[in-house]
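A.B. asks: Please model the complete structure; the sequences and the hints are all you need to start from.
In the working numbering, the protein residues as written are 2 to 313.
Hints are supplied without guarantee of correctness; some may be wrong.
Derived lysine-lysine pairs resembling DSBU-like cross-links, with alpha carbons at most 30 Å apart [said to hold, decoys possible]: (1) Lys276 - Lys297; (2) Lys297 - Lys174; (3) Lys174 - Lys276; (4) Lys119 - Lys174.
If you are wondering where the hints come from, they were derived from the structure by calculation, not from laboratory data.
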Amino acid sequence: MTILIDPPVWPAHGTHFSHVVSDTSLEELHAFAQRAGLPQQAFDHDHYDVPLRVYDSLIALGAVPVSAAELTRRLRDSGLRVPARDRIERIETRLASEFERLLPGQAGLCRGLLERWKEPHRRYHDLRHLNQVLASINTIATSSGMDDMHGGRTAVRTARLAAWWHDAVYEGKPGEDEHASAELAAQQLQGVVEHDVVHRVYRAILATADHAAYAREAVQGRGEVDAGVSVLLDADLSVLARPHAGYQRYVLDVRNEYAHVPDEDFVAGRTRILKGMLATPQLYITDFAVQNWEAKARSNIAGELARLNIHH
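C.D. replies: Laid out in structure tokens, this is it:
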């Protein structure tokens with residue numbers, strides 16, 4: 002495990018900056034930053050920007066000086082590098098274009114939603130989460146051939162619309178947030194799409210309040226299974242099946258979103274949630290997600306549980 006720092010040659014704010022990264026884990030990087038007294042605002046996706054005046058002190062703390070080229074290569078090889086396309090500013094532009102295709106001529110509605118997803122208290126439920134949910138919906142739809150069927154296209158459209166609103170209201174209040182988001186969607190979509198579409202979107206967002214309950218009923222064949230809801234719920238949980246570096250980033254983002262909660266309470270709550278997930282017979286509903294994401298998600302969850310037990 003190594004903390005790396007490149008030369009302070011990047012000019013900004015009347016000085017020059019270096020980049021500090023880990024070639025192993027974001028946990029290691031943030032722990033080093035905390036020891037060094039680096040502000041959280043200095044973190045940018047996969048590195049810390051640090052001014053010339055702290056360069057020598059960071060090396061004294063254990064950061065290894067390397068060239069900019071070597072730092073970039075080792076960050077990329079670690080799987081922790083965030084590509085340019087996945088940076089917030091690129092994501093926002095791409096999302097605006099996707100919204101225009103989904104609801105043409107509704108730029109004002111799009112801007113309002115994007116501002117909600119950019120609220121400063123969000124660390125996980127932000128533009129990156131929205132982007133991943135929409136991308137995962139596309140993956141499920143394309144891989145399952147849903148875009149080629151009339152009923153499938155309807156379900157996918159429902160899922161895409163619901164994705165935009167499913168965490169539009171986020172105050173960290175489970176149940177209340179989903180209900181408020183569903184109400185907002187119904188209010189803002191009224192007159193923009195057909196009434197039955199509004200109703201389906203409303204139901205889909207409410208279902209995100211309890212993924213496990215809906216998945217359990219779907220697997221056991223109880224109640225009505227709505228394909229649009231199933232696609233949305235699986236896409237919402239697709240983060241659980243990300244490669245190690247991506248899952249690690251998700252874990253840290255969730256912790257930062259609950260930074261106000263003491264460690265002991267957070268670990269207890271998080272452990273309860275993770276054990277609950279592992280206890281469900283099936284995390285996902287669609288055939289694609291079960292076949293491609295289920296095993297990886299369970300492995301990631303089990304790994305996180307093990308790390309929580311080690312550190313506490």
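A.B. asks: For which of the previously enumerated hints does the structure constitute a violation, in increasing order of number?
C.D. replies: none
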